[in-house]
Amino acid sequence: MSDIAGTKPALRWVVHASVIFLVVLWVVPTLGLLISSFRTADQIATSGWWKSLFPSEQNLTLRSAPPDTQVLENGIYVIEGNLFDAGTSAMISQWGVSSRAVDAFVPGDTAELRRGGTITVDAQGNYRMENSEEFTGSRGARVFVTAELPPEFTLANYHKVLLAEDSSDSMGRAFFNTLTVTIPATIIPILVAAFAAYALAWMDFPGRALLIAAVVGLLVVPLQLALIPLLKFHLNIGIGKGYLGVWMAHTGFGMPLAIYLLRNYMAGLPRDLIENARVDGATEFQIFTKLILPLSFPALASFAIFQFLWTWNDLLVAKVFLIDASGQTTVMTNQIVELLGTRGGNWEILATAAFVSIAVPLIVFFAMQKYLVRGLLAGSVK
Amino acid sequence: MHPALQGLLTIAIGVSGCVGYFYLSNQFLDKVLFPARGPNAGRNINRANMIRPWLFLFPALAALGLYLAYPVVETLRLSLTDRVPGGGYEWVGLENYIQMANEPKFWEAMRNNMFWLIIVPAMSTAFGLLVAQLTDRIRWGNVAKSLIFMPMAISFVGASVIWKLVYDTRPAEQDQIGMLNALYIFFGGTEPQTWLTIPFWNSFFLMVVLIWIQTGFAMVILSAALRGIPEETIEAAILDGANPFQIFFKIKVPQIKTTILVVWTTITITVLKVFDIVFAMTNGQWETQVLANYMYDKLFRANDWGVGSASAMVIMLLVTPILIWNVRNARKEME
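Read top to bottom, the protein sequences are chains A and B.
The first sequence begins at 105 in our numbering and counts up by one.
The second sequence begins at 1012 in our numbering and counts up by one.
Keep in mind the hints are simulated off the structure, nothing from the lab.
Source: prediction; values computed, not measured.
Be aware that a few hints might be false.
Computed, partial: chain B to chain A, Cβ under 7 Å [stated by the list, open to error]:
{"id": "1", "residue": "Leu1035"}
{"id": "2", "residue": "Val1083"}
{"id": "3", "residue": "Ala1155"}
{"id": "4", "residue": "Leu1158"}
{"id": "5", "residue": "Val1172"}
{"id": "6", "residue": "Phe1216"}
{"id": "7", "residue": "Ile1326"}
{"id": "8", "residue": "Leu1328"}
{"id": "9", "residue": "Ile1333"}
C-beta atoms are modelled at their ideal positions from N, C-alpha and C, and glycine is treated no differently.
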């Protein structure tokens, strides 16, 4: 009905413009990091990522082919080639052969080389060096160019971050560790909570209301309180720091939300269905596995996404219960924080590492947004 | 053993352990302990039905009790004791709290936390409400919402990296690669600023990160609430000649007041627990300390469990009013 108000064209225009503005504001920071992860360290350090989308003018120092590639043409020694790597389409605006006069010539000019001979460079970077005597030395001639370079992106950062042998940069192992933490820590609480949720929703026993209230209360207890007591507990029973400890901790911390979400959903299932099954002689265990579990799939999916995102993105629980002094079991979030500390200036590594860790939750998010929204709506205490 | 194998094994053991426990304990109850036959069949069925809920509840209650309820008590105890070198604890009463109250870093954390507690929920809710209202009737609203919701999936650490790039500073003679400085220079700023080291204001730059993440959450909940408003009330207001702003502030907002409060309190809880953002971006330097990071510092860097636990209790204390409010609401709803 707000459409009546929306028929004022000016207002409608303002609405569209403000939504566009907000969306841009929200997306651009992430976009910046994503684009940076495809740029080289030099590019990131010398220009803003937004400039990489457009051709940019850069000063480059390039080299011709070395003298041993020269050929003899009609008594003149000639070296020919292109200054740029294959596949680069740059436009040279100015060039020079001395570092003191990098813009002495325009494309098409011919310059005298200091070590004898001449060089002609065209706008595409093709050059021809000519000399009446043989070119000497082991390296090619230096050429300074000012060129308009097209946007250029590379996958080298991802290659380095995921596959590097050097473990301080490597996210490969951390990625794998994160996965190892996440999957059991998502599946096990669902199962444990589902049974409890069923009991709280459909079984009658004294103290039920009190238990539900307790679950609601525990929903907001900060897990910070649990760090030392539980670390002590884990050390006492001999698990120490490790996967088992972190799986147990995530199961415990995820329990209130799991029970709360699942109970609310199960309590909303039609009463007739369950009563009929009971009359027909089904045991509670059968009702639960054959009837309630399949019907509760949307709620199970909602919680699974929450728990997955939360365990994947977690730093604190992993730091306290998992990562020991050896650092073999580091997870991605921890690895990124270490990179921030030790290599805070290496944006190409940082951006790529961050994106490797963000990619999986983003895929899950966009694929299963429906369940996430549904879970949020059910999960916020009304 | 390879961790992947260990993980698979844990899933297998965990899942089959759970299923096995529930199945076998039910079997035991029905077949052995209180069989539903013989002279006492009726009584046995009743008895079995009294015990069964607790069988279903036991693993979950054990996890809840051990991982959430017990730590509250234990942290309280730890906050009143000090570790004695060589093992053991000694009762020190409120000494840890007094020591904490004498630390300027603690008060800095408290002051910053107060700002976080006011600004982040307020801004997230306001932006969430704004986006929910604006996107409500436009055709590509769902795409817009989806994009603004997206940061919810990004870890606090990932978000910290994203925003650190935005706040990056290069020396004045170089091109700025951080967007904020680039804009600042573009609009006439002279010197590039190192945003995260400007005391007082730097906390606000950290808050931006959390607002950016939480707005999507507020938007989703509030958007559903806005759609739940009865059309008649809005129609009536339009017929009475209300303008769009009056409809929004006088008709819509009052009707979703409860939901706004829920969103507000939920974000408040998140703010109290926020640790990763400060830890990753400034680690509490340049006067950006917050309680959760202060606590982590005390527990794991200074190894002072007493003061660390005391600061954890402060967080618990700040959460308690919301806890009570939530429990009361939940009970009211069930009746």
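Hint by hint, here is what the structure shows:
no. : hint    : verdict
1   : Leu1035 : violated, 10 Å
2   : Val1083 : holds, 6 Å
3   : Ala1155 : holds, 5 Å
4   : Leu1158 : holds, 5 Å
5   : Val1172 : holds, 4 Å
6   : Phe1216 : violated, 12 Å
7   : Ile1326 : holds, 5 Å
8   : Leu1328 : violated, 10 Å
9   : Ile1333 : holds, 6 Å
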